[in-house]
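**Q** Given only the sequences and the hints, what does the whole structure look like? Please build it.
Residue numbers (the working numbering), protein chains in the order written: chain P, 1 to 271; chain S, 1 to 305.
There could be a bad hint or two in this list.
From the structure, some residues in chain S lie toward chain P, with a derived Cβ separation under 10 Å [to be verified]:
#1 50
#2 54
#3 71
#4 74
#5 76
#6 83
#7 99
#8 104
Think of the hints as simulated: they come from the structure by calculation, not from any bench. All C-beta atoms in this analysis are idealised placements derived from N, C-alpha and C, irrespective of residue type, glycine included.
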Amino acid sequence: MKTFLSDYGKTISSELQKSRRTLSLWVTFLFPLFSVILVVLPLIKIDLGDDNLWARYVHNLSNIAAFFLPFFIIVLVGFYCHIEHKSNTWKHLLVQPVSKSSVYFGKLSMILILMLVSFACFMLFAVISIYGLHMSSARYGFEKYYPDFGRLALLLLKVYASASVIVTFQYWISNRFRNLIGPIIIGISLIILPIAVLVVLGMAGLLEQKDLVQKIFAYDPYSYPFTNIFNFLEAQTKPLEVFPRLSQIYLAISVLLCGLSYWDFLRKDVK
Amino acid sequence: MMLAYAIQTTNLNFSFGKAKTLVDINLQVPQGSIFGFLGPNGAGKTTTIKCLLGLLHKQAGDIRFFGENYAENRIASLSRIGSMIEAPSLYDHLNAIRNLEITMKLRGVRHSRIAEVLEIVGLTQDAKKRTKQYSTGMKQRLSLAIALLSEPDLLILDEPINGLDPGGIIEIRKLLIDLNHNHGCTVFLSSHILTEIEKLCTHAGVINKGKMLFQGKMQDLLLSQTGKIRLRVESDDNNKAITLLKPDYTVSENEQSLTVMLKGKEAIPAVVRLLTDAGLSIYEIHTEASDLESSFLELINPTDL
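**A** Next up, the structure:
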């Protein structure tokens, strides 16, 4: 265990070094920035009326984050894993005197760190944009309502927590494929798969069954971040559960996927 | 006490699908040697190196570094080995220093060593340039610098002089000889460039179609494989010597000496006796091994090349 921790520390340190100037790092910052801009832009010209603007802001940002999160993860993991394939460095990495487990989990941890950074950027850009709007005009009404940053953080956390299967599965296939396009196409196909199923169901005349539609989306891990937050916001369930039962099931599945992927990693020949 | 081999394999086997790529490889690389690993394309050189380092999972056999079983001592073994396999493994988006820092962190090497290895491979001036802008030779040298970073006891280099200009080849040759002579580093390298192997290596191994055809001292490969040697003789009357030798030997005349082709070193005393009995004074006599290329071609079927 001591050896693993020592090797793990070395691996994380070297992974941090190699993540400099990479597309994965850019994506980490651009995803929250892009999402916040998408929420802020319509607010500039909107007729505010008497609405609680900040409640709407939190609601919209959570929805947008949830909608784009699977795409973000697919691209982030793809780009990150592609660093070794593109540089032809797997063979170099695996002849270093560190355990293979530390290499595998070090890389996975680095992806989780980048996701954490993107989460932090979400909060940072949200705060900056909210205060920016407030400073630009009094009509945004900080006096009447105050933005609930705590709720925003929890909602975003809920969105991120529902993506565990996407992370582990994309990590597995991105390590497996030497090219970047393969894992991205597979990931995006899995996002649109339930829509295709719906089209087929529609043609079969089964779309009337609302429960079935909901189940299709809920049981597709690639749609789950969106359905999870959407259902929550619609129902306004209280208290806010960051890890509802289905998220826990998905987390268990992702642990299993992680184990299989690690087993595959150990057996893989580096050609 | 017998010194353990730096690398020793016992019945190492590997297959790609049903095709047997390595068949019972029993490699023995003595400590302190510079071992040249020769073979035509597709002979199994890179596959052997990848199996040695655990990048390919061997089907059968035993691998030992410095007497220690690799499977049981992977990390300890790798900490003593620097390697460079096939094309350079570099992060193109980073400069040389950052590339070296990645390996430095994984190997727990002191930071000042980076400047030392850059100096050794002559890349100090270009250390802050992104490796994307490097020529093939510069990339090759940086890869070598990475392999040298931890001051390894064993260097495993796959085609280390590929892409280097003549000046670069000479520098790398000097460097490897210096590492071997002054730092006791065992060097195991594969190469297609036979003249370089001949100049550099103390030992050699020849592989073809996944089978070891020869391994041993370079001199043995040059001398005993073909059995043919060249004897250079300088006497007080070279013309008379040629007349005496021609009936029994193939002789050619050089500027001040003559070359006699012999089937083996056992024939040398007879030549000397023939000349001295005829009253000739011999000023100089020495063997010249037949060159590596002819030895290599004799081991490998030329159609395999």
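**Q** Using 10 Å as the Cβ threshold, decide whether residue 76 of chain S counts as touching chain P.
**A** 8 Å, holds
**Q** Does the interface hint hold: is residue 54 of chain S within less than 10 Å of chain P, judged Cβ to Cβ?
**A** 7 Å, holds
**Q** Checking hints one by one. Is residue 71 of chain S an interface residue toward chain P, by the C-beta closer than 10 Å rule?
**A** 13 Å, violated
**Q** For the hint on residue 50 of chain S, just tell me whether its beta-carbon gets within less than 10 Å of chain P.
**A** 7 Å, holds
**Q** Would the hint on residue 83 of chain S stand, with a C-beta cut-off of 10 Å toward chain P?
**A** Holds: closest Cβ of chain P sits about 5 Å from residue 83 of chain S, inside 10 Å.
**Q** Double-check residue 99 of chain S for me: the hint is only fine if its C-beta lies closer than 10 Å to a C-beta in chain P.
**A** Hint holds; residue 99 of chain S Cβ to chain P Cβ min 9 Å, cut 10 Å.
**Q** Restraint: residue 104 of chain S near chain P, CB-CB cut 10 Å. Satisfied or not?
**A** Nearest chain P Cβ about 8 Å off; hint holds.
**Q** Could you check if residue 74 of chain S really has its C-beta closer than 10 Å to a C-beta on chain P?
**A** Where the cut-off is 10 Å and the nearest Cβ of chain P is about 8 Å from residue 74 of chain S, the hint holds.
Violated hint for the displayed structure: number 3, the only one.
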